[in-house]
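Number of protein chains: 2
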Amino acid sequence: MSASSLPHAIVREVGLRDGLLSIKTIVPTAQKLEWISAAYAAGQKEIEVGSFVPVRLLPQLADTAELVAHAKTLPGLVASVLVPNFKGAERAIELDADAMLIPVSASAAHSAANVRKTPDEMIASIAQIRAARDAAGSKTFIEVGMSTAFGCTIQGDVSEDEVIRLLRAALDAGAERVGLADTVGYADPAQVRRLFEKAFRALGTQSDKLTCGHFHDTRGLALANTLAALDVGVRRFDASLAGIGGCPHAPGASGNAATEDTVFMLERMGYDTGIDLDQLLALRKQIAEWLKGEQLGGAIWRAGVPKSSARATPPMASFSQQAPIR
Amino acid sequence: MSASSLPHAIVREVGLRDGLLSIKTIVPTAQKLEWISAAYAAGQKEIEVGSFVPVRLLPQLADTAELVAHAKTLPGLVASVLVPNFKGAERAIELDADAMLIPVSASAAHSAANVRKTPDEMIASIAQIRAARDAAGSKTFIEVGMSTAFGCTIQGDVSEDEVIRLLRAALDAGAERVGLADTVGYADPAQVRRLFEKAFRALGTQSDKLTCGHFHDTRGLALANTLAALDVGVRRFDASLAGIGGCPHAPGASGNAATEDTVFMLERMGYDTGIDLDQLLALRKQIAEWLKGEQLGGAIWRAGVPKSSARATPPMASFSQQAPIR
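Those protein sequences? They're chains A and B, same order as listed.
Just so you know, we're using this note's numbering here: the first sequence kicks off at 1057 and counts up by one.
Just so you know, we're using this note's numbering here: the second sequence kicks off at 1057 and counts up by one.
By construction, these hints were calculated from the structure, which means they are not laboratory data.
There could be a bad hint or two in this list.
One copy or two, either will do: identical chains are not told apart, so a pair holds if it fits within one copy or between any two.
What the hints assert, rightly or not - Computed cross-link-like contacts, DSS-like style, restricted to lysine-lysine with a CA-CA straight-line distance of at most 25 Å: (1) 1363 / 1173; (2) 1363 / 1254; (3) 1143 / 1128; (4) 1143 / 1341; (5) 1101 / 1195; (6) 1128 / 1195; (7) 1128 / 1101.
With the rest of the complex left out, here is chain A:
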């Protein structure tokens, strides 16, 4: 079976942004450039390279502009940046980033702690950003990541209806794509399936704009939740190489899904991610040297790729044929 006949899945690298956010070691720009180039060479076609936030708040991400410029030299690479406010969006538009990701916390408490705004104030920002983007004739894609969609360390429960209301509002305000994020690692697979399915139904003709699952491994369920989302039709996942990641306002929430383990699972199940796992593991080794002393995650780097072949022919066997709703 040729690669092109396999179903595709996208693993977006968020290690340079969500990952490094919780890493004390300041990674020099030269190393980040090398990371982006190597990830691209390994086949990663979507990379969140940084964030436009005040440098005094996040010195780790101060070189985002330079990273965007570098990413733009790599043909076909979609470089996204996180923009928590209008000012950040202006920078993204000005630098012609391929995409900007606006975080909207479904938890009001997390939203206040993270961006000092209510979720609805964030929705208003989206409309403002969309207007500015269109007025500038810019092509910078607007994506919204719905943070704490599965629960919040500050507030506890987050209402599913509120998540769906905000997803709709984000799209109405001009977001071109939305995703659900388990920012603090509270999600379980049943909840992931339920909320994504509920959201797909609620969004109706716009359901194709809900495309991304963002899971943290805080309680060990990142890959089980990835599988759950895959089962209901999600084909785009955020992940951090070496499983780095977290959120300063979500205690204990360290650890995005590890890119290498996510790619291994998807490829092994018969999905084409376009990513070369050996090259990815070589890059992980490099990054582990750069981040010496930091807590890293992921599992497959230790044991290596199996000696047995993947045997998913036909892809996903009978199971997926019942499950996906899109």
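We have chain A; now place chain B onto it with these hints.
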């Protein structure tokens, strides 16, 4: 919703056997007794307490007889022991263990390395053990764990047809229950679903005897594979507290599914495991002290139980209604 109205799932503790096998620290019998009592108090009703193998080979498991005797004082606890041969089975019968687990490697290469027998010689042992058990009027239950069912570090691929042939042969030889084990951490969720479904179909009226999934986290997929098995109807899982485990003949295969993370996932999804996660985490803390310096696994012990409530009402939502085949 009362606990009793929830679907049940069983997590069998195998840390004392499969787990300690790869741990250098010799755990004193007193600590093992405490472990068993505390696990029982936390609600674990099935515990693999040890193995009847030559003491010179596995000094770590030399006190199995004492552990079986202790387990028998705890009402309702099902204590199982691993028996790799007829001699071990005789001991299990003599000591009136509740159950004995006979490992049969589906990989001929692994079988040779692990027990110096072919898979079919192991099948012959089962028949011999069953005859001895019945002749003794013993009630010791006979279970077969099909090792390397998803691939082998020595041999590579393992044929699914061979796995199914051996499952059938094991039942024909007198095994009363069988399970599939990913001894070396090669399995992916698509493969897990495919092989279990294929086996359920092949076993026909005996499919209710295939009940157990045994997954290693070597490549990070233990919980995703647990979810995959759950989706196709498996309701019994092996796991090790603190994710200890491995196999001396399977390089790099350290790390069973962590009991605490498995219980968290199942309970969170709406399954009743009968296990109190807080008590389990307290025991994990104790064991981590006993095993100081050893590599432990698992994730939830670090971050703790979520502040948000589980919201799986009804259990498993719509998804599971499509999937389970039994």
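Is the C-alpha distance from residue 1128 to residue 1101 at most 25 Å within one copy, between copies, in both cases, or in neither?
within (12 Å within a copy, 58 Å between copies)
Tell me, please, which holds for residue 1101 and residue 1195 at an alpha-carbon limit of 25 Å: within, between, both or neither?
within (18 Å within a copy, 59 Å between copies)
Checking residue 1363 and residue 1254: alpha-carbon separation at most 25 Å within a copy, between copies, both or neither?
Intra 40 Å, inter 23 Å, cutoff 25 Å: inter-copy only.
Intra/inter-copy verdict for residue 1143 and residue 1128 if alpha-carbon distance must be at most 25 Å:
within (21 Å within a copy, 68 Å between copies)
Since the copies are identical, ignore which copy is meant and state whether residue 1143 and residue 1341 lie within 25 Å (CA to CA) inside a copy, between copies, both or neither.
The answer is neither: 36 Å in one copy and 47 Å across copies each exceed 25 Å.
Measure nothing new, just compare the shortest in-copy and cross-copy C-alpha distances for residue 1128 and residue 1195 to 25 Å and report within, between, both or neither.
Within. Shortest intra-copy distance 13 Å satisfies the 25 Å Cα cut-off; inter-copy 70 Å does not.
Classify it for me, residue 1363 with residue 1173: is the Cα-Cα distance of at most 25 Å met within a copy, between copies, both or neither?
between (51 Å within a copy, 22 Å between copies)
The earlier numbered hint that this structure contradicts is number 4, and it is the only one.
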